Structures are given as C-alpha cells and as structure tokens.
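So the sequence lines, in the order shown, correspond to chains S and B.
Heads up: the first sequence begins at 5 in our numbering, then just goes up one per residue.
Heads up: the second sequence begins at 298 in our numbering, then just goes up one per residue.
Quick caveat, the hints were computed from the structure, so don't treat them as lab data.
All of these numbers come straight from a predicted model, not from anything done at the bench.
Do not take every clue at face value.
What the hints assert, rightly or not - Below, a list of computed lysine-lysine pairs in the DSBU-like style, where the Cα atoms sit at most 30 Å apart:
{"#": "1", "chain 1": "S", "residue 1": "K51", "chain 2": "B", "residue 2": "K919"}
{"#": "2", "chain 1": "S", "residue 1": "K50", "chain 2": "B", "residue 2": "K709"}
{"#": "3", "chain 1": "S", "residue 1": "K140", "chain 2": "S", "residue 2": "K152"}
{"#": "4", "chain 1": "S", "residue 1": "K140", "chain 2": "B", "residue 2": "K919"}
{"#": "5", "chain 1": "S", "residue 1": "K152", "chain 2": "S", "residue 2": "K37"}
{"#": "6", "chain 1": "B", "residue 1": "K599", "chain 2": "B", "residue 2": "K731"}
{"#": "7", "chain 1": "B", "residue 1": "K919", "chain 2": "S", "residue 2": "K189"}
{"#": "8", "chain 1": "B", "residue 1": "K731", "chain 2": "S", "residue 2": "K218"}
{"#": "9", "chain 1": "B", "residue 1": "K619", "chain 2": "B", "residue 2": "K631"}
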Amino acid sequence: MSWIPFKIGQPKKQIVSKTVERDFEREYDKLQKLEDQTKKLHKDMKKSTEADLAMSKAAVKISADLLSNPLCEQDQAFLDSMTALDTAMRRMDAFNQEKVNQIQKTVVDPLKKYSSVFPSLNMAVKRREQTLQDYKRLQAKVEKYEEKEKTGPVMVKLHQAKEELRPVKDDFEAKNKQLLDEMPKFYQSRIDYFQPSFEALIRAQVVYFTEMYKIFSELTDQIDQAGLTDEQRERETEAKLTELRALSIVADD
Amino acid sequence: MEVPRRLSFPLVLPKPASSARSPLGAAGQTAGSSKDQTGGEKLISEEKTPESGVIVVVEAPPEDGKAARRFSSQDSFSEESSLSEERLEEEAREAQRRAEEEEAAAKERAAQRQQLAIQELVESERSYLRLLQLSTVTIRSNLQQQLQPPPAGLDSMFLHIEEVIDVSSRLLSLLDQKQLQFGEPDFPQSLCDSFLSLSSEMEAAYKEYLAHYNHVTEVENSYKQKEALWNEVVRVIKAAAPDVNATSLSFFLVMPVQRIARYPLLLQTIQKHTDASHPAYALLEQTAHTSVALNCRINEYKRFREVADKYRKTEMLTIKDKIVRLNTHSIAKKTARLGQQIKHEAGLKPKIGVLDVLQLVDEEFDALEGFFYVLENGILELLENVEMYLQHLQGFLSCRTEDFDLDMDGEKAPICYKEITTALRQWILPMFEKRMRKLIHQPLCALRDLLVGPRNLIRKRLDKLLDYEVIEGKPNLSYEEQAVANTYRTLNTLLLTELPQFNGLALQMMWSTLGTFSCLHRDLAADMEQLFHSFAQQLPHSSLSPGAFWEWAESSVLEGARRLQHLCRMVEDKLNAPDAQPLSPSSQRRLKQLTDKHGSGKIFQVMSTVVGTRDLDLNLTKGELVAVISEADSRGDRRRWLVDAGGKRGYAAASKLIRYHQPTDDPPPSPHPNLTEDVTTRRRHSYSPAGNAPLPMSQPCFQVVGAYDFTARSKHEVSFRAGEPVRILEPHDKRGSPEWSLVEVRGGQRGYVPSNYLAIMPVGAGLPPNPGFFL
Chain S
5 MSWIPFKIGQ
15 PKKQIVSKTV
25 ERDFEREYDK
35 LQKLEDQTKK
45 LHKDMKKSTE
55 ADLAMSKAAV
65 KISADLLSNP
75 LCEQDQAFLD
85 SMTALDTAMR
95 RMDAFNQEKV
105 NQIQKTVVDP
115 LKKYSSVFPS
125 LNMAVKRREQ
135 TLQDYKRLQA
145 KVEKYEEKEK
155 TGPVMVKLHQ
165 AKEELRPVKD
175 DFEAKNKQLL
185 DEMPKFYQSR
195 IDYFQPSFEA
205 LIRAQVVYFT
215 EMYKIFSELT
225 DQIDQAGLTD
235 EQRERETEAK
245 LTELRALSIV
255 ADD
Chain B
298 MEVPRRLSFP
308 LVLPKPASSA
318 RSPLGAAGQT
328 AGSSKDQTGG
338 EKLISEEKTP
348 ESGVIVVVEA
358 PPEDGKAARR
368 FSSQDSFSEE
378 SSLSEERLEE
388 EAREAQRRAE
398 EEEAAAKERA
408 AQRQQLAIQE
418 LVESERSYLR
428 LLQLSTVTIR
438 SNLQQQLQPP
448 PAGLDSMFLH
458 IEEVIDVSSR
468 LLSLLDQKQL
478 QFGEPDFPQS
488 LCDSFLSLSS
498 EMEAAYKEYL
508 AHYNHVTEVE
518 NSYKQKEALW
528 NEVVRVIKAA
538 APDVNATSLS
548 FFLVMPVQRI
558 ARYPLLLQTI
568 QKHTDASHPA
578 YALLEQTAHT
588 SVALNCRINE
598 YKRFREVADK
608 YRKTEMLTIK
618 DKIVRLNTHS
628 IAKKTARLGQ
638 QIKHEAGLKP
648 KIGVLDVLQL
658 VDEEFDALEG
668 FFYVLENGIL
678 ELLENVEMYL
688 QHLQGFLSCR
698 TEDFDLDMDG
708 EKAPICYKEI
718 TTALRQWILP
728 MFEKRMRKLI
738 HQPLCALRDL
748 LVGPRNLIRK
758 RLDKLLDYEV
768 IEGKPNLSYE
778 EQAVANTYRT
788 LNTLLLTELP
798 QFNGLALQMM
808 WSTLGTFSCL
818 HRDLAADMEQ
828 LFHSFAQQLP
838 HSSLSPGAFW
848 EWAESSVLEG
858 ARRLQHLCRM
868 VEDKLNAPDA
878 QPLSPSSQRR
888 LKQLTDKHGS
898 GKIFQVMSTV
908 VGTRDLDLNL
918 TKGELVAVIS
928 EADSRGDRRR
938 WLVDAGGKRG
948 YAAASKLIRY
958 HQPTDDPPPS
968 PHPNLTEDVT
978 TRRRHSYSPA
988 GNAPLPMSQP
998 CFQVVGAYDF
1008 TARSKHEVSF
1018 RAGEPVRILE
1028 PHDKRGSPEW
1038 SLVEVRGGQR
1048 GYVPSNYLAI
1058 MPVGAGLPPN
1068 PGFFL
C-alpha cells in the first residue's frame, strides 16, 4: 500500500468533451453488442453442428446394429433390406460430414476468429480508460499546484507534475483517436465478413438435402411399401399389434 | 339296396313307432339306429311335403304289394292251414294299412319333432340375441349414464360381446335370407350351411369371450362387494329388462357361455329327428360334429389361455416376499430343477426325449427360442438407438441458431438464413419429430412391451420341462404329477404354435418400421431441399456453379480472416503494446536493478497483492516487479516460484505473476528528458558495484530534494525540509521495502526517510545544485 499524501480530486478542466465521450460510448456499445451476438451465434452454431453430427451418427448406429444382428443371418431378404439401409445411412453420414466440414470452415471458424478480436479491442478500451484516469489524476494535480502560491517547493512539484502529465496526455489522445477511428471501421467490417458465411451455410444445406433426397428416395423404393399415408401406417401397425396381442403368449394388459 | 331293407322292414316295424313315441331326446342311440332303418321311408316323405301322407299311401301299393306277397309267402311257409287266404290277405292288408298309417304318423311325428327342434334352435337364437343386445345396449348405457361415476371396469365386462352378437345376428340373417319355413325340407340344409360357414368366426368370437369370462365374473364380484353400487346396478338391470327375471349382469353375460355349449345339443336333436335318408342328414351330422369340435377347441384355448396367463406375467416381488414364499415344496421343486439342469450341463443325461419325435420338437423349439431372443435383442437395440436419435434431434432443435442480431438487416443472406432456420425449427423438424415418435417410436415401445409375455413363458417352460423330465420315466403318475406333465405339454404346445406367429409378426413390424424410417427421411429431405432451394436462388451468388461458389466462399472467408488479422495486429500494436503508464521512481529503480542482475527475460510483475501464508513467502503489492530466480520451490513445487523482489528473496505464487514486457529494450528518445533512467542509474551507483558509472553529462541536471518537510521520529530516521537536497544511499530499508530510503542529508547525517517524501527536479529549476552531494 502506498501512502497517499493527499487526496486526488477531479480536474476542473474538461479533458474530454462530452460529444467525444458520447460517440465513444455509442461505438463501444455497438461493439459490445456485436461481441455478445457473435459469441452467441458461434456457440449456437457449434452446438448445432455437433448435434447434427451426433444425429447422423445415431442414424448410422441404428442401421449398423441391425446389420450386425444375427437376424440377418436367418433371412436373406431382411439382410438385403438392412444392407440397403446401412449403405444409405453411411452415405448420408458422409455427406453430412462434408456439409459440417464446409460449415466449420466457412461459418464456425470465421465466427470464432471474429470473436477473438474482441478481447484485444476490449483491452484497448480498458487501457484507454486507465490512461484517461491517469490523465485526469495528473491533470488535477497540476491544477492544484497551479492554484497554489508560487513558492520554491510548489514550483518543483508543479514542474514534476507537468512532466508526468505530458506523456500521459499524449498517450491518451493517441489512443482515443485511434479507437474512435477503428471501432466504426471494425463494426462495419462485419457485413463483408459474414456475408459469405451465410451464403455458404445455405448452399451447403442445399447440396446436402438434394443428396439426401436422392438417397432416401432410392431406399424408400427399395424397403418401404410405396405411398402409404401416416394414417394407413398407423392402422397397419395397430392391426399387427392387435394380432400380436390376440396371441395367448402375449400379455394383453 | 332297397330290396333287402324292405325285406326286413316288417320285422322291425314296431321299433320306429315305439322309439318315435319315446320322449324327445330320450334315446339318441335308439333314434340313431331307428333312423338308419327307417331311412327309406323318410326319404320318400321328405322328398314330398310333410303333409303328403295321402300321396305316400297312394304311391305305396305297388311296393307294398310286393312286400306283402313276400310276407304272405313267408307266412304260408310257417302257417299253412290255420287261416284262409282271403282272411290272411285281409289281415295282412289290414296290418299293412295299420303299419302304413303308423309309419306315416311316425314320419309325421318325426318331421314335427325335427321341425320343433329346428324351431327351438332358431327361436332360442333370436331371444338369445335379443337379450344380449338388451344387455349391451340398454343396460350398459343406462349403467353408464345413471351411475355417477360409472363403475370401474364396466367397459371391460363387455369387451368381446360385440363379436358374439355380430356372429349370432349374422347366423340369423343368413337363415332369414332363405325365407324358408321351419318345416320346409331345405331348411335343415340351409341351417347347416349357415352354421358351417360361420363356424370359424363363431369360434374366434366365442373363444375370446369365454377366455375373458373369468374377468367378467371378477368384476361383477367386485361390484357386489360394494352394496350401494350393487343395488343400483340391480335396479338398473330390472328397470331395463322387466320381462326377464334378471338380477345380475352375469345373468346376461353368461349367456354366450351357455349358448355355445348348447349348439351341439340342439344340432344333435335335430339330427336325431331327421331321417337318415334325408338329403341334409350327412350335413347335419357333420354340423353337429363341427359344433362339438368347436366347443373342444374353445375349451382347449381357454385352458391354454389360463396356463399362459398364469406364467407369462413377470412377478414383481421383493426379496422379502420371495423369502416368505419359500417353503419345503418350492425348495424341493427348485432343487430338483437345478439338479436336472446340472445333469444336462454335465452331459449325464441327454436332453429330454428318448423319443426322436420329442427331440425333433425340442430342436424346433430351440430354433424358435433362439430366433425370439435375437429378435428381442434387435428390437431393444433398435428402440434404444431410435431414442438416442430422437434425443440428438431434440438437442439440434434446442440450438436457436436463428436467434442472433448482427445488425445486418439490409443483407440478403442472413435474412434468408434466419427465415430458413425459423421454418426449420418451428415447422419442419417438429413435424418430423412428431412423425418419428408416432410411427416409429411408439410402435417399437408397444412391441417391446409385448415381448414380456413370451419371454416369461419361455423361461417357465424350461422350469416345467425340468419338472417333467423327473417324472417322465415313472409308470404311474399321481394326480399332481399328471398336472405337472400337462402344464409342460400345454406350455410347449402353446409356444410351438404361437411363437412362430409372434416372431413373424414382430419381425414384420420391425421391418416396416424401418421402411417408415426411410420414408420419413425422404419426406424430410424433400421439404428441406425445397425450402433451402427456394431461398438459395435469392442469394447474390446463386448463379455460381458449386465449384466456383465454394472457391469464392472459401477465398472470401480467407480474405476476411486476413483483414481481421491485420486489424487485430494493428490494435495490438498501436493501442495495447506500450504501457505508457510511468512506473513510479522506485519501481523504475527496482526494474533497472533486477534487469541488470537477472536479465530482462526474468522480470515479472505482480498481478494482485499477495500476502505470504507460508514460510519464506513474500508479501508483494500489486504492480510490484520481481525477478524470477527459479520457477519452482525447493521441493520442486512449480506453483511457487523463488523470486528476487529487489533485495529480499522468497517465494511467490506463480499464478500471481505475469511476465513484464518492457516497452522497448531501449526506450525511444522522448521529448521529455529521460529523467528516471538517469536518476536510477546514478542512484544505483551508490550501492551497486555492478552498476554503470553515472553519466557525467546528466550529473548537473538533476537533484534529489525533499518534497515535504519530514521530522525524524526515532534515531534511525533523519529530518529534512522541503526543497533540501539529499543524497540517497539506499532506495529501500533493511528488509527491502521501497517505502523507506536511506539518505544522507546536509551535514552528513544519515537515516531513513519515506521514499515518497523525495522528489527529483532538474538542476537550476529552483535551487542551486550542490555538487557536493553528487559523485
């Protein structure tokens, strides 16, 4: 703990004009919101692609487990069906993997990179704030000595304070200008930056679902009774279940 | 064929008459034999109308004459002389006429009885149906409406009765269609046809009803225990059916049970009163047999159901219950089973059946059982995987990726993306999920639940098989042993007949589920493709071919990344790098000292104030500079570093230290004089032999002076006045604290003073330099 000989008050002179401060606040608020949204989007995208992959893997597991089930050894037709199913699932998974890779490359990674800029920006803003505080403190000190009687020791201190103030002031002004300059530019850059990502996101899905449709149309023709409505399916299932429940060996309660 | 019959006819003539006179249904056996013999006559009378007794008489003479001639010739052999021929002839004619009359009367009576029997069947069927309908429609709905709340399990009482009613009403309507009177000769035929055509449906309807009937009585008994409820029930029943003296629900509900057993009796009665020569006779016989067989099958089914019901349920018992249930009998049973099993395992005894047939059956069963287990496994696995899939789908749905605001409202791509994702999350995927649950998940769950029964029965069959083997060899079986053997056989038969059906159906269900799975995916893909495609066309780069598009996308992303990196570096460089906050003079001195001693790479800054808690720990303040001597303590703990805090040494937590980056190794020439550097250089010279010699040119420029008046409070301290030049001997106290400095004041007095009472100022600014204080 340093021993503070006197309390440092706020400088009377306005160091930063109100408009400049307001501009700065506004730009910084926008950036903070952008940061929040980018982070959120990145998180959601990442989670979403992970869930997408997991879903695809689960689908592959469905068919793979069936294919390795000994049921297939007993029934050639069943084996054929399962082989077709498994092939379709694997193809789907491969396409999905490709889609996810593309999204990773063109959407998730850029999002991550974009949000990685914010910490250094925040740091810069923080540094500016620190410098501003120093600036204010030193300014107040200088003002204090200026108000005092011009005796020898006071002159010594005034000089000392001014010497201390000058670099801090320069530094602050440089930082302030730089930030006021950079922040809007950076904010503006998001449009060009994200545009290709969103387009790629949509295009990747178009490709994927076109392939999916082809794969599953083929498979459905192969293993499904064509053109049943959901109600028909339900009725059929219910009929089979009723038939099963009618068996004495099946508990019907 | 007819001739020999005619010959014997007069001899047995009284028989049909007497048997015909016997009460209805009294002697089936005699009726059967008499029918055989009277078949010829019946045939005639049946071919004509029943009332055509006259025609029979008219037509009869030629045949009868023949018969009579033979008769008389026979007579003439036995009694040649006693009566005249005429008289004989007359008598014979008389007898013949009487016989004919009797015969006709018998025929008529038989026909009437047949008609009565048929009528009884049909009428009783009608009233039976009426009462059933009364109970299911009126009584049931009255019970439901008038009793609040409706009694529990009421619906389950009427579970299979509709099928019974249906089959009964169909039987009647089939009969009505023919529009025949009971007496018409075609009627038995049409009755039999109707009955036979419905027999399989009848069996199906009644067997379910009968198997279920125990439940009906159970429910009714439960009602009877609640007196108020039961009174109400009886009241409703009486009000609904005043004409019959019904006092309980089972009065009606037992009817199908009685009815199905009555069919064989009724049919047999009809058959009994039907002449063997009747065209429908064989059919009637067949029908009667069918009805008997039907009853047998229903009974068998009921027995199977009972056995199955007993064993297929999983018993949910706690260990305590199980212990309570242990007794000598059960222990003996289990031990016997275990022993038998061990014998099998050890190969001491061949698996059941010395008989090859049994062995074959057993192999068949093993195959079925194996298939069942494989199927069960497959279903459970599939269900588990489907559940997993749905879970991931849920996870995917919970990612609200459209919910962001990058303030890019003017741009096409993000807007499209938002719309797509909204549609996807709120409409397409929930729909897909709903269908998945309804068409795949639910059926699989239902199927899984159905697996329990067969599984338990298979296990129980093994138990019973072991029991059975023990008693198999015995020549005489006690009643209990017989029961055990029967149970095993029943279980075995049941499983052998029904397990293949079960396996087949379950496999089909699984299969069709997978077909549905594929179909759902296709539909999903179709929806998605359409959705994405319609939006993709609105995008600015939609005209590019896929290859070109991806090239463009990737290069734009790379370009974006490059620009971003550039910006980032700029920010880092220009805004963050130089920490322009000046170090306090004492820190500057410390920095210099440490840099000289340890090199600039070892300098660290304390991030937050540390209070030492262990031996040799240092107390450090935030922002203080230290040099790291070793990145571990003496015991090798890498979390505590040995540091030099400008004189004193000790340990500090590594986590609190951060590498201190000096602005630049050589501070750039700044507009203001590089005072601190000079001062520390000079200062250091006073106590550090390793330090550089003070720069001569800087010597006259600066002077350390007292910034405030200070009065010594002890003999270790020294007093001075503000503005008084002092000479610093050591910039810290004996313990290394920089807050105190050892100085020499005018007059050579030495002592400690607070470091922040000292100031540096250029020579000539205020006071004249005193070279005496400088080296």
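Looking back at the hints listed earlier, which ones does the structure fail to meet?
1, 5, 6 and 7
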